[in-house]
Amino acid sequence: MELKSLKKRLYTTQKNTPIVKENLFTMDDFYYKEISNLTLAGGWSVDFLNKKSYFDKQARKILQVPDSYIPTLKQSYLFYAEEHMQKATNLFFGCAQGESFSTEIKMVTFTKEVFWAKAYGKPVTNNEGEIIGIRGVFQSIDKEKKKELQLEASLDLIEGHNKRLYNFAHIVSHNLRSHVSNLQLTTALFETKNLDEEQKELFANFSKIATNLDVTLKHLNEIVTLQTNINKEKEIINIEDVYKRVTDSIRQISLQNKVVYYTEFSEVEEIPYVSAYLESILHNLITNAIKYKHPDRDPEINIFTYEEDKKNYLVVKDNGLGIDLDKHGKQLFQMYKTFHHNDDATGLGLFLTKSQIESLGGKITVESSVGKGSKFTVQL
Amino acid sequence: MKYPIEMACIIDDDDMYVNLITKVINMRNLVKNLLIFKNGKEALDYFVGALKKLEERKIPQVILLDLNMPVMNGWQFLNNLSKYNFPELKDSTLYIVSSSINPADIERSKTINLVKDFLIKPVTIDQLSEVFMDKSA
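First to last, the protein sequences are chains A and H.
In this text, residue positions in the first sequence follow the numbering used here: the first is 1, and each later residue adds one.
In this text, residue positions in the second sequence follow the numbering used here: the first is 381, and each later residue adds one.
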């Protein structure tokens, strides 16, 4: 619409204000109509003085009343589903006493189709403040309501699937473990001294397979257990305490590799967290830093905390080999991905770390450059 | 011959596991008398009989209990046994030896006084030896 004509229109509307007031219950205002079209919301009103009820065009359309239909207050209850008639009556009476309402209610069309609607109602007062009628809007939310119900149904379905998957993982890991247990004990008890060299070698394979199976299963267990621990309770944890526990447990490796630790926990000293997780996260990041140290220098590991935008962060920074993020960035936190051809790399550590962090609503990011080192930032 | 443990029992339905554990126990001379029960019911019958002194039966000092068993599982066995509240049991040490890693199982075992520890299969020979040596020490 051009500005000129818009102005004209506004002017006309203003000039016609008394007429609009006179037609208070017919509601044929331009903006109102547009909004009504846009939102598919129907208007209704009851004029107590003239004892008349009105439906607007949109309301007539939604309720599928014939053009000749004249609404009456007496029959208005027919547009509500039986189980909601009392509710509708109460809301109407309340509104007539001056109480506005906003609700979700089951309505019925003239042709007896039931649909969910959002309904609002407000009293209409004259200049003296007396209530001379009520008016309101209703909007069909049948599609949304049905979608909502559908969504609930799919959620139930997914929950069921998840439960079955979880049970499956448990059964698999349980049953496999019984067999691995027996296989390991058998190989441990097997007397090898009377075997010839070739058979000894073959038997060594058995032992190795049993051990490998056991390790794989332990990983599986950790993942399965992680899924069940999501509801584990958080407690207030002192980060430095956890750091000390972790470094104590790897004292030998630290000494062997001449690791130098620099720590600073003063900005964030305590956080609510699952203690076992933080320990596991720190353990993983620190042992990774040692595992992937640079061959030409002793490992230096910086561990510190900080707060930003009311969020707490833990950083573990090393001067190790670094990772080519362009090449491996996407796979870094995935299961069974290793990058440095280390014999003791299982490809599970960072996957577990990420899972633990995310299960508590946090995030982990990495910055790294090849030959210089890596920096892991954990949003706790 | 001196054994660390006079009498122990295994309650487990996995024949191969029982067979292997028996071998380890015999090899290391850990237990003089080893009783084997295939499920909780068999074990419970023995315990109740022994504790009521119907016969000259002895109570095992070490009990290795599996959880998943037919007829009567480990939990049901513990439930039934604790109902009798036998004071003689205070000298026995009971370990759950299961391949379950369900945290709920492990938590549950902690609420039962009779249970000393929860061992997850596979158990190693050394672990097993420790269980018996620990008791005799």
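Just so you know, the hints here were simulated from the structure itself, not pulled from any lab data.
Since the model is a prediction, treat every value here as computed from it, not as a measurement.
In this text, a Cβ means the ideal position worked out from N, Cα and C, and glycines have one as well.
Check each hint, because a few of them may be wrong.
Computed beta-carbon distance windows for the label pairs [what the hints assert, rightly or not]: (1) H/Thr-402 <-> A/Ala-276: 33 to 43 Å; (2) A/Ile-223 <-> H/Lys-432: 46 to 56 Å; (3) A/Ala-276 <-> H/Lys-432: 40 to 50 Å; (4) A/Val-315 <-> H/Lys-470: 48 to 58 Å; (5) A/Pro-295 <-> H/Thr-491: 46 to 56 Å; (6) A/Ile-171 <-> H/Met-396: 18 to 28 Å; (7) H/Asp-506 <-> A/Gly-160: 40 to 50 Å; (8) H/Ala-484 <-> A/His-328: 29 to 39 Å; (9) A/Glu-235 <-> H/Thr-402: 37 to 47 Å; (10) A/Arg-297 <-> H/Lys-403: 44 to 54 Å.
Comparing the hints with the structure gives:
1. H/Thr-402 <-> A/Ala-276: 33 to 43 Å: 36 Å, holds
2. A/Ile-223 <-> H/Lys-432: 46 to 56 Å: 47 Å, holds
3. A/Ala-276 <-> H/Lys-432: 40 to 50 Å: Cβ of A/Ala-276 to Cβ of H/Lys-432: about 44 Å, so the range 40 to 50 Å holds.
4. A/Val-315 <-> H/Lys-470: 48 to 58 Å: 52 Å, holds
5. A/Pro-295 <-> H/Thr-491: 46 to 56 Å: Roughly 52 Å apart at Cβ, these two residues keep to the hinted range, so it holds.
6. A/Ile-171 <-> H/Met-396: 18 to 28 Å: This hint holds: roughly 19 Å between Cβ atoms.
7. H/Asp-506 <-> A/Gly-160: 40 to 50 Å: Given about 43 Å between the Cβ atoms, the range holds.
8. H/Ala-484 <-> A/His-328: 29 to 39 Å: 38 Å, holds
9. A/Glu-235 <-> H/Thr-402: 37 to 47 Å: 44 Å, holds
10. A/Arg-297 <-> H/Lys-403: 44 to 54 Å: 52 Å, holds
Consistency note: the structure conflicts with none of the earlier hints.
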